[in-house]
Structures are given as C-alpha cells and as structure tokens.
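Protein chains in written order, with our numbering: chain A, 351 to 581; chain B, 85 to 241.
No lab work stands behind these hints, which were simulated from the structure alone.
Note that the Cβ used here is the ideal one computed from N, Cα and C, for glycine as well.
Take the hints with a grain of salt, since some may be wrong.
Which stretches of chain A does chain B cover? Using the computed rule of at least three CB atoms under 8 angstroms from a CB of chain B, they are [unchecked claim]:
{"hint": "1", "region": "401 to 411"}
{"hint": "2", "region": "417 to 423"}
{"hint": "3", "region": "433 to 441"}
{"hint": "4", "region": "444 to 455"}
{"hint": "5", "region": "472 to 486"}
Some chain A residues close to chain B (C-beta under 7 angstroms, calculated; not the full set) [said to hold, decoys possible]:
{"hint": "6", "residue": "E428"}
{"hint": "7", "residue": "S536"}
{"hint": "8", "residue": "G537"}
Now for the letters of each chain:
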Amino acid sequence: MKYVISIGLGLLTGAALFVAGFYLNPFVGQPMVSPLSVTDDRVVELSFSAVPSDAILYTDHGESIVTPRPDRVAELWEPAVDDTDVFVTVLQDSRGGTAGIGIKMRSKSEDTALIRGQALANSVWHIYLPGQGTMMIDQTENYWSYIREVMIPARWSSGDNWRGTFHRVMTSGPGSLGTARVSGGSGELAGVTTESVESLTAAGYSAASGPVSMDGSLTIAIPQQQVASQE
Amino acid sequence: MISVQPNGGNVEEFHINLPRDRVMVGLPNPDAAIPAALQWPGSEAVGDMQAEIFKIRDRNETVIGVGSRIASAAESTGPFIEWSLHLPARGSIYVKMEITPSADGFRNGAMVSGTRDFAELSGSVRELFIADVADSAGVQSQIQLQTALVGSLGDLE
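With the rest of the complex left out, here is chain A (with noise of 0.2 angstroms):
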C-alpha cells in the first residue's frame, strides 16, 4: 500500500512541477518593444479599441464568452470557421482622428505548441485609409503571454476578473524579425510591400465576458522611396 501511495505522490509531484515549469517557464513570451521602433522607414500607427464591445462589428462561433455584436449577426458556427472571428473597427490616428477603416479575419493556428509557449492565430487585416489606400497585413500572432498574464489570472480572482496592466507585441511572423507582411492595394498604398507590429495594451478582463479595458495598435512602417516610386 505504501508504494502505492508514494508512486501516487510522485506522480502528482511530478505532473504539478511540469504545469508549473510550463506555466512559469522564463524563456518563452512576446517582445513589449516592437522591432518596428528602430526603422528608418516612415511609421504609420494605427490605433483601436479592442474590447469586441466597441467595435463596429464582432463575431465567431457564438458560444465563446464574447457576445457577438451587433444584433442579430450571422454567426460562424460552420466546422471550416467555428475557429474564426471576425472584427470590423474604426483605425484611430497618433491624434486621435479617424485614420480608416479596419477588418480582421483571425483563425486558430495548427502550430500551435503551448509547450513552446505558442498559442498562434493567423490573421488578415484588410485595411481602407481614406486619401491614402487600401492593404493587407498578414501576421501570425501569438497569445501565449495574453493567456499566461491575463486571462488565466482572471480565471483565478476570486471575481473572475483581472486589472493591471499588460503591453505585448502580439505579431510573431512571418517576418524573420518577428513582423507582420504589408502589401499596399491601391491609392499611394499600390505595390507597397513593407512590415508591421500588432500590440495589444490591457488594464482589465473579465472571465465572464472577456476583454473590458483593452487597446490595439498596429504599427506600419512605410518605405518612402516604394511610395516615391508609384507617384
């Protein structure tokens, strides 16, 4: 009996250390500065409110704990896209104004590897700023760190909510240096190919009803002479 016991309590030692490596290992997580920051390049940021709440339209599957707004939208419950979502929001300049419009079409990665800290999502910006174009901005993120920091804390409070602060750069590739791929459509932006960062900024979430304090920025580097060039 007592060695049944003790294997019981080794297994249970050894299965509690692995969460808590796992959980805890230091040599995984996203960047909080964007290797964008030292470009010579002309930097575009975008900003955005990414609480799903305030965007102009939100949807997925339907049964996550975000409800899809605004009512009565189609929902993507079909198996090719139940791990799809869908953002539509208004892009904010560095002063605040209206910069464009933004949509986002995001999926669940196969590549994910939490044991290499990877929660990977593909996603597509389609992106319309007036009197400049139109771009795609293709980007593998990863949430890995959003999960650790933020929510599984919130799932832990007594409240089932979190407060503090949070700012990772989300973008992961395809770029070698970690950045989003850019391609210009039309206007200035036509033939335009170049990088950008997704950061996230969160103060608070909510286990019940996710994000509640959240900012994204996307940050776009513009190479003059490419722009010069379709002039």
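Fit chain B to the supplied structure of chain A, relying on the hints for placement.
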C-alpha cells in the same frame, strides 16, 4: 474542387449564396446596412467606402472561409474594388479587381499577394454576380469567384 490547367496552374471556384452568406454590409446609407443595427462611421470619416463580409463556399456548398470586399468610387486616390479571402485551413488571398466589368458580365482582377498555401502563387480572379438563382434553399442570388493561380517556375539551373 481544383482543376489543373495545361500550363501547370490551377483553377478553383468559390461562391457566396445570398442573402444567407452575407455577414455584414457597411455603407453610408444606414437603411441598407446589414445587420440592421450596424453603426457604420459617417461619410465624413470614410467617404462612400462600402465594406461587405461574406462566408465563402466551395463547389460542394461547404463553407470554407470568410472574405471581405471593399469598394469606393469616390476615393481621392482613385476608385477601387478589392477582395480579401481568408480560408483558415489554407491561407489568404488579396485581390484587386478592375473597376469596369467586362462585356460578358465578369469583373476581372489580379492577385496582389497570398499567404501560406497561396504565398508562392500569382494569377487572376474573376467575379460574377448572378442576380436570379431562386432555389429551394432560399438562395436568391450568388457571387461567383474563380481563381486561376500558378506558381513561379523557380530558378533555371
């Protein structure tokens, strides 16, 4: 279904059944917005730009992704019509369409860029709106998208 062409490229057809595959229509006229409660920014902010979001189906009527179509006739840098197709299992395609449809009713476009399975491909896209489809499943009209994509030949040795 994908059909391989003699030049090594492939042709694939997608479609959108209307009205049931329409997720959003955002435009300056709030009476025409879908869903009805959509709060679209005023024309002073985004001009006459119209944005639509759809579910995308393959030939077997299976929803395989979502897509956005944005268009503006009065944009100061020039009118545009674009598609961004997001197929979660395969990748995304960014397409710029011609403003004027061809005589046979198609609107032609060119792929600007692609991701993952589409990253190394280039080619064209044709868009066709079919107004009267009336079938038993409640489909009233349809948007058909046909992609003709080919990979690069690579470096010759």
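Comparing the hints with the structure gives:
1. 401 to 411: Held - the region 401 to 411 of chain A has 3 residues with a Cβ nearer than 8 angstroms to chain B, which meets the minimum of three.
2. 417 to 423: With 4 residues close enough to chain B, the hint holds.
3. 433 to 441: holds (count 5)
4. 444 to 455: holds (count 5)
5. 472 to 486: holds (count 10)
6. E428: holds, 4 angstroms
7. S536: The hint holds - S536(A) has a Cβ within 7 angstroms of chain B, the shortest such distance being about 4 angstroms.
8. G537: The hint holds - G537(A) has a Cβ within 7 angstroms of chain B, the shortest such distance being about 3 angstroms.
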